[in-house]
Amino acid sequence: MAVKLRTPLTEREVLKLKAGDLVYLSGVIYTARDLAHRKLLEKAPFDLRGAVIYHCGPIVQKESGRYRIVSAGPTTSARMNRHLEKILSMGIKGIIGKGGMNPEPFKEHRAVYFAFTGGAGSLAAKSVKRVLDVYWLEELGIPEAVWVLEVEDFPLIVGIDAFGNSLYSNPR
Numbered sequence: 004m005a006v007k008l009r010t011p012l013t014e015r016e017v018l019k020l021k022a023g024d025l026v027y028l029s030g031v032i033y034t035a036r037d038l039a040h041r042k043l044l045e046k047a048p049f050d051l052r053g054a055v056i057y058h059c060g061p062i063v064q065k066e067s068g069r070y071r072i073v074s075a076g077p078t079t080s081a082r083m084n085r086h087l088e089k090i091l092s093m094g095i096k097g098i099i100g101k102g103g104m105n106p107e108p109f110k111e112h113r114a115v116y117f118a119f120t121g122g123a124g125s126l127a128a129k130s131v132k133r134v135l136d137v138y139w140l141e142e143l144g145i146p147e148a149v150w151v152l153e154v155e156d157f158p159l160i161v162g163i164d165a166f167g168n169s170l171y172s173n174p175r
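Mind the numbering: the sequence shown is residues 4 to 175 in my numbering, read in order.
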């Protein structure tokens, strides 16, 4: 089943998704890797309720005073498993990455894991319409900073649904 969704996500929308569904995501997403997760847990500078986090360290260019995403491929999500429970408890409803994560916290917090293909960073960048903001750029550097991105029809697969069903443990 193909579904079009817009952030922020609602619990009702998330509960309709099943592992294996194709989703075209539009709206605002936030990149976050290892160091950014720690910073978000200390004090998030924005509301994460209904948010979607993308495990990504983008390649970014600055042109005419504005940032442009050149490539936005996913990073391995398993590294963030240690933060997963606390991150989802902040109200996040979706995480995008590659390789999967522990499915239990997604079930507990009624959230979903979206898979994006590794090595397809230029395809992801085509879905990014603009960079809205960036947090902790000076402190963390380009790949680890939190980039606030507006995306349109970002193609994703539901890898883990809100019921704990996982393509990684039950491949179809």
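No wet-lab data here; the hints were simulated from the structure. For every residue, glycine included, the Cβ atom is placed at its ideal position computed from N, Cα and C. Among the hints, a few may not be true.
Said to hold, decoys possible - Here are the simulated distance ranges between beta carbons:
hint: 1; residue 1: 23; residue 2: 67; range: 37 to 45 Å
hint: 2; residue 1: 110; residue 2: 73; range: 30 to 38 Å
hint: 3; residue 1: 107; residue 2: 71; range: 18 to 26 Å
hint: 4; residue 1: 140; residue 2: 79; range: 32 to 40 Å
hint: 5; residue 1: 7; residue 2: 44; range: 14 to 22 Å
hint: 6; residue 1: 50; residue 2: 88; range: 18 to 26 Å
hint: 7; residue 1: 113; residue 2: 69; range: 19 to 27 Å
Unchecked claim - Below are the EDC-like pairs computed for lysine to aspartate or glutamate, each with C-alpha atoms no more than 20 Å apart in a straight line:
hint: 8; residue 1: 46; residue 2: 88
hint: 9; residue 1: 7; residue 2: 153
hint: 10; residue 1: 42; residue 2: 141
hint: 11; residue 1: 46; residue 2: 142
hint: 12; residue 1: 101; residue 2: 45
hint: 13; residue 1: 42; residue 2: 107
To see whether the hints hold, each was checked on the structure:
1. Look at residue 23 against residue 67: about 42 Å separates their beta carbons, and that is inside 37 to 45 Å.
2. Distance hint check: the CB atoms of residue 110 and residue 73 are about 36 Å apart, consistent with the given range 30 to 38 Å.
3. Separation of residue 107 from residue 71 is about 38 Å and departs from the stated range, judged on CB atoms against 18 to 26 Å.
4. Evaluation of the 32 to 40 Å hint for residue 140 and residue 79 yields a failure: the beta carbon distance comes to about 23 Å.
5. A C-beta distance of roughly 31 Å is found between residue 7 and residue 44, which places it outside the suggested range of 14 to 22 Å.
6. The supplied range of 18 to 26 Å is met by residue 50 and residue 88, whose beta-carbon atoms lie about 19 Å from each other.
7. Distance hint check: the CB atoms of residue 113 and residue 69 are about 36 Å apart, inconsistent with the given range 19 to 27 Å.
8. A C-alpha spacing of about 16 Å is found between residue 46 and residue 88, which places the hinted pair at or below 20 Å, so the restraint holds.
9. With a C-alpha separation of about 15 Å, the suggested pair residue 7 and residue 153 falls inside the 20 Å cut-off, and the hint holds.
10. Proximity of residue 42 to residue 141 is assessed by CA-CA distance (about 13 Å); at most 20 Å being required, the pair is judged to hold.
11. Straight-line distance between C-alpha atoms of residue 46 and residue 142 comes to about 15 Å, which keeps the hinted pair within the 20 Å bound.
12. A distance of roughly 25 Å separates the Cα atoms of residue 101 and residue 45; the hinted pair therefore is violated under the 20 Å criterion.
13. Between residue 42 and residue 107 the alpha-carbon distance is near 24 Å, which puts this suggested pair outside the 20 Å criterion.
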